[in-house]
Each structure stands twice: as C-alpha cells, then as structure tokens.
Amino acid sequence: MTPTNAGTVPRRRPFDPVAFLAVPAIAYLLFVYALPLLWLLVRSVIGPKGFTLEPIASFFADPFNWRVMANTLKIAGLVALVCLLVGYPTAFALAWARGWVQVVLLAAIILPLSIGVVVKAFAWQIVLRRDGIVSSTMVGLGLWDEPVRLLFTETGLVLGAANVFLPFMILPVYSVVKLMDLRLNEAGATLGATPFYRFRRITLPLTLPGVVTGTVFVFSLSVSMFVIPSLLIGDRFQTLATLMGRSFLLMRNEQLGSTTAAVLLVLAVSIVVGSGTLARRLGDNA
Amino acid sequence: MTDATDFLSISEAEKSFAATRVLTRVNLGVKRGEFVSLLGPSGCGKTTLLRIVAGLLSPDAGSVRLDGVDITDRPPHHRDVGVVFQNYALFPHLTVAENVAFGLEARRAPRNETQATVERFLDLVHMRDFAIRSIKALSGGQQQRVAVARALAVRPKLLLLDEPFSALDRKLRETMQIELKRLLRELSTTAVFVTHDQDEALMMSDRIAVMNRGGIEQLADPATIYLRPATAFVLGFVGLSTRLAGSITAASDGQIVVATTHGPIRAIGTLPIGSAAFIAVRPERMSIGSATTKENSIDVRLRDAVFQGSKVQLHFDAAEGDQIMVETTQLPETPLEPGTQIALSFAATDTMVFPTESTS
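For the record, the sequence lines run as chains A and B.
Per my numbering, the very first residue in the first sequence carries number 3; after that it's consecutive.
Per my numbering, the very first residue in the second sequence carries number 188; after that it's consecutive.
In isolation and in its complexed conformation, chain A is listed as follows:
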C-alpha cells in the first residue's frame, strides 16, 4: 500500500455490468452440463437405501478395476510421452520457420483437427493391419522377420492416439517458443555456453510452461478417450472410459458407470489442477 492511502480501507471494486454478457454461457453450462454431471456423480454414492460408499468401496476392491486404472494411466502417459518427443522439436520448427514453410507446417498441424476422430481411427486400422503400411515397410527394410499386426495392440493404440492429440502438444509449446527472445540464446553463446548447455539452461526452462500445458492437454484427452481405444484395441483392453461406456451401454450397470465416471473425473481434475499449479510455479520463474 502506498503512503498516501495508508490507513484507509481499499474501496471495493464496483460490479462491472459487462460480466452479464457471460450469463448465457454460464446458464447453458450449468443446466445442460454441470447439473447432469452432478446428478451422475451423486448416483455413484446413492444406493437403494440412501447415501452409501458401498459402490466406491467395491469398485476399489475389485483387482480388475485396478488393472483398468493402470491401463488408463499407462496409455495416457505413453501417448503424452510420444507427443512430447515428436511435438517439442516440431513446435520449434513451426515457430522459427518463415514464409510458405510456416504456412505449410501450420496447415499440416491444424487441418487434421478438422477430420473426425472416427475417420482417423479407421485410417489407423488400415495402417496398423498385418498387411498394413507399417508392417510391410518394416519387413521390406529387413527390420522385422515377418509381418506383425499392430492393430489391437497397446503400441497401435498409443501410435493412433498420439497422432490424434499431437496438435494439442505442438500448439502450446509453439506459443511459448514464439515469445522467446532469440537474443537470449545468442547471449548464452557469447558467454561461452555450448549449444547443449544453452538448451539445458535457457531454452528448456523457458519452454517448460508450454510443455506442461501441452502434456496436460494430451494426458487429460488420453485419459478419457473412448472412440480411439474402442476402434484400435477393442474390448480385451479396458480403460476407465471404455469401462464406463460398457457399463452404461452394454451391461446397463449405471451404478458402476457412475462410479467409474467419478473416479475418472477425480483423476483428470487432479492432474489438471496439479500440473496447473506446477505450470504457474514454472511460469513465475520464466
């Protein structure tokens, strides 16, 4: 507080009527999204005899569900990792490209977003078949002895999902790279730092907030994906999202579905909130 207004109570900011412009969006989200979601979650703790934690307890008592949770986290983690390894350098290429090269790169990253996930997943089915492009290329190069079917394997699922979610990694990293002062790297060089040292001490820390954001995007999308695992790996491999779908659609077990949804939601929200905090802390230093 400055000396001039020391001792006085800071005046409350008057309500800004512009905030009313958000009313339609808030009302829409409240009635068609938040309330139904709340109802769904409440269903997981309401039994025939009122409030009960029995469904949640039995969910966690079943080792099958633990495997489903492990599957979900493992696949989401691998997808995020693949996207990071492929997307991080791509973001630099995009940020530093000039002229038509940048336009082409940007189009190549953005345009696939307009193709539906189902279409992409079917395309991957063709690519990942035993006689698909991947298999025949690897055999042709002599790297594999015989054709291998990647479709309906975890590898195939990770490859397909990483393809769909890659832009969500590239774009946040791209936006921080774009803002980075290129002189910083030059300053590092004139101070005697090798390219690797510069990357470790300058580029990496300054792009970390973008990496965290991109990883959160891809991870939370992968944790809850339903169509891609349904088409690329099938029923033998269950994730929380596919289990939830099966509970509602096939098994008609709404109790299990609600409980799974609650677990998935808690998982996803804690990841987003946790890494949001991490990103803010990193952002403060950057």
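You can trust all of the hints, since none of them are fake.
Quick partial rundown of chain A residues pointing at chain B, CB under 7 Å, derived from the structure:
#1 185
#2 186
#3 188
#4 189
#5 191
#6 192
#7 193
#8 194
#9 195
#10 196
#11 199
#12 207
Below are the DSBU-like pairs computed for lysine-lysine, each with C-alpha atoms no more than 35 Å apart in a straight line:
#13 A:180 x B:323
#14 B:344 x A:180
#15 B:344 x B:368
#16 B:344 x B:358
#17 B:323 x B:368
#18 B:358 x B:498
FYI, nobody ran anything at the bench for these hints, they're computed from the structure.
The beta carbon of each residue, even a glycine, is placed where N, CA and C say it ideally should be.
For chain A, the structure is supplied; the task is to place chain B on it using the hints.
Then chain B, alone, in the frame of chain A:
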C-alpha cells in the same frame, strides 16, 4: 588500415543479405585496451559488423583476427568475445547473481571462485544488494548494469556493446556512460561500441569509425573526426556546420581559395583548380564582427537568436539565400536585434573544404 600490432583486426569483411549488400570490404584495427566506436545512421552496417566479430553472423568474405588468432570460423562460444545487447538479453528465469554466474558456470569454473567473481562484478556495477532479485524487478538502468557485469565476469578478450544506452533516459544515460568508461579502464578491457549517437561516441571513444552504406568513412580520434572530417558525410553526421558552395580558384601549400557568392574564402585543403567545392565551418568557429586576425569575412543579417542556456545560437541570412549558423558562449554586450547587418569572420584553418558531391 590494419597492422600486425592490432589486437582485433577485421580485414576485407563483406556481408550481403539476399540482394542487399550490407558490408563492403571493411577493414578495422583495434589496439589492446582501446575503446573504438562504430558510429553511423541505422542501416549503415555497424550492427552487422559487430555481430560478425561476435560470431553471431559469418562474413561472406574477409577475416577476423583476435589476439593473433584467426577466429573467422569459430563459433561464438569459442571466441572469448563478450556482448552487451541492445535489449540486454538477460535471462528472465534467473536472478541477478545467476545471470552474472551463467558464463562462469558454462565454463565450469569452480563454485567458490564463481561466487567470488560474481560478488566482485556486482560490486563493480553497484548491484550487490540486488543479487537475489528477479531480473523482471529491475529498472532499465539496473538491467544495463547487470548485462555489463554478466559480459565482463568471464573476462572476455574483447567486449562488444550494441547501443547499450539507447533505452535509457538522457540523464541516466550520461551517468552510465561515465561509469562504463571508468569500469572498462579499470579492467583495461578492449571494447567496440556501436552507436548512432554522435555525442556518445565523441564522449566515450579513443577512436571513432564513422560508417556509412556498409563502409568506414573515417577512423580517427574524436577531435580529428570533429575538426577534420575526412568526407562530407562525416562532416554532416557529426556536429553542425554551415556550408557555402563555390569553386576553387587558387591552390598552394595546402591552402586553397574558394570563390563564393560572398567573395573569396581561404580554406585548408588540396583540390584541383576549377573544381566545384563547398566550404564548411563549425558554428562555434565563427566570430561576430570583423577581426583582422581571421582571413575570411562575410556580410550577413541576423534572422533569429536562440538562447540555449550555456550558449546562444544565432541564425543569419547571407546573400543568395545562404543561411549561416553561429554558436557563441559570449553574449554581445548589446543584444542583437533581428535585421541587424553585421560581419562574421573565421580563420582559414577553421575552414574545411570538400568537393561537391556528384550524387545525393
């Protein structure tokens, strides 16, 4: 222009960007411990030359030698050339002390040695109390100090400064200029300084290289640059002057006579008889009234007098629409009224002569 005793020598450096030639066969020699400024308008190639010396750009042709070693093909991190950037380029994610320590850590200096060096250099730039502050919490002048400390802490053989004062306000700039000059002398650092500000260059430099259109027009000490500009460009870029056109009618012993509409004017120079030329006189080298000790005199009429505190700037009209500016610190006893007819006199040794430019 360069010789074997030069600490830094740039020879025949050339650089083009696409179809634009930015540097044309530039030669420059800098002695050990010397402070040399590259002075010129924007786009003259001074920053390009600086970046070539730092290794941030490679020349299309020519070479750069530092301390007897050809460094033309060395990457910047193997050159031992420090740079203070125009925007300082401080690392925003590090503290003041971490910024200064960066170069030492990159060179794997022992930890206790690094700490001692950081403290010493923060002391030198009066920033020790700010060691653990974030860069973002600093003012422009403080950032500039940190940038200088960071560049000097690794004890580079050569320090390059790219308009480091341009973002500071005038008063702060003057303080920082004096401080930097003192610091570089204490550490006997060789420095090359890029600026478009003539006052800055005149005040700080041992020698000034005036650059224009990708070449060096003149390399000399500040007094020579100001009093004996080698070309009309240097005359126009550094300081004020009055110019009068004429042609050479006589020449002997380094003195020539230029016939102008204001009568014959004696000047120092060597130009062929009959060639078109113009004479130029610095405003403070003209005296009001006729003086027998001065060879040249012209009749003028006062148009305007501008009081500037320590001096008065007088604008006169001469014949044929010529205008003459005089600066004096000695105010006349009776104030001059506009319209007053008066004579101005100036010495032949203060009169410069240049051939009339064929273009521009």
